[in-house]
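Each residue of the sequence shown is one higher than the one before, counting from 118 in the numbering used here.
Just so you know, these hints were derived from the structure itself, not from any lab.
Incorrect hints may appear among the rest.
Simulated restraints, written as ranges between beta carbons of each label pair [said to hold, decoys possible]: (1) A119 - L158: 32 to 42 Å; (2) F159 - D134: 28 to 38 Å; (3) T157 - K128: 35 to 45 Å; (4) G136 - T161: 12 to 22 Å.
Positions of the beta carbon are idealized from the N, C-alpha and C atoms, including for glycine.
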Amino acid sequence: MANPLEQFEIKPLVPIDIGGVDASFTNAGLFMVLTVAAVTLFLTLSISRRG
Numbered sequence: 118m119a120n121p122l123e124q125f126e127i128k129p130l131v132p133i134d135i136g137g138v139d140a141s142f143t144n145a146g147l148f149m150v151l152t153v154a155a156v157t158l159f160l161t162l163s164i165s166r167r168g
C-alpha cells in the first residue's frame, strides 16, 4: 500500500550546491513561486480595472 505522506515529500528539482551548502530549488519552492505569481497577477488585474 502506498504511503499517504509521499505527497508531502520535499524533492529537489534543481540541485544547487554552493560551497557545501545545499541551496536546491525544490517542489515546495516551486509552489511558493507559483502562488506569489498568481496573487500578484490577481491583484494587478483587479487594481488596473478599478480605475
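Problem set entry | Cβ distance range 12 to 22 Å for G136 and T161, holds or violated | At 37 Å between Cβs, range violated.
Problem set entry | Outcome for the supplied range 35 to 45 Å, where the beta carbon pair is T157 and K128 | Hint violated: Cβ distance 25 Å, outside 35 to 45 Å.
Problem set entry | Outcome of range test on Cβ distance (F159, D134; 28 to 38 Å) | The hinted range 28 to 38 Å holds for F159 and D134, with Cβ atoms some 35 Å apart.
Exercise. Has the hinted range 32 to 42 Å been met by the Cβ atoms of A119 and L158?
Worked result: 35 Å, holds
In summary, the numbered hints that this structure violates are 3, 4.
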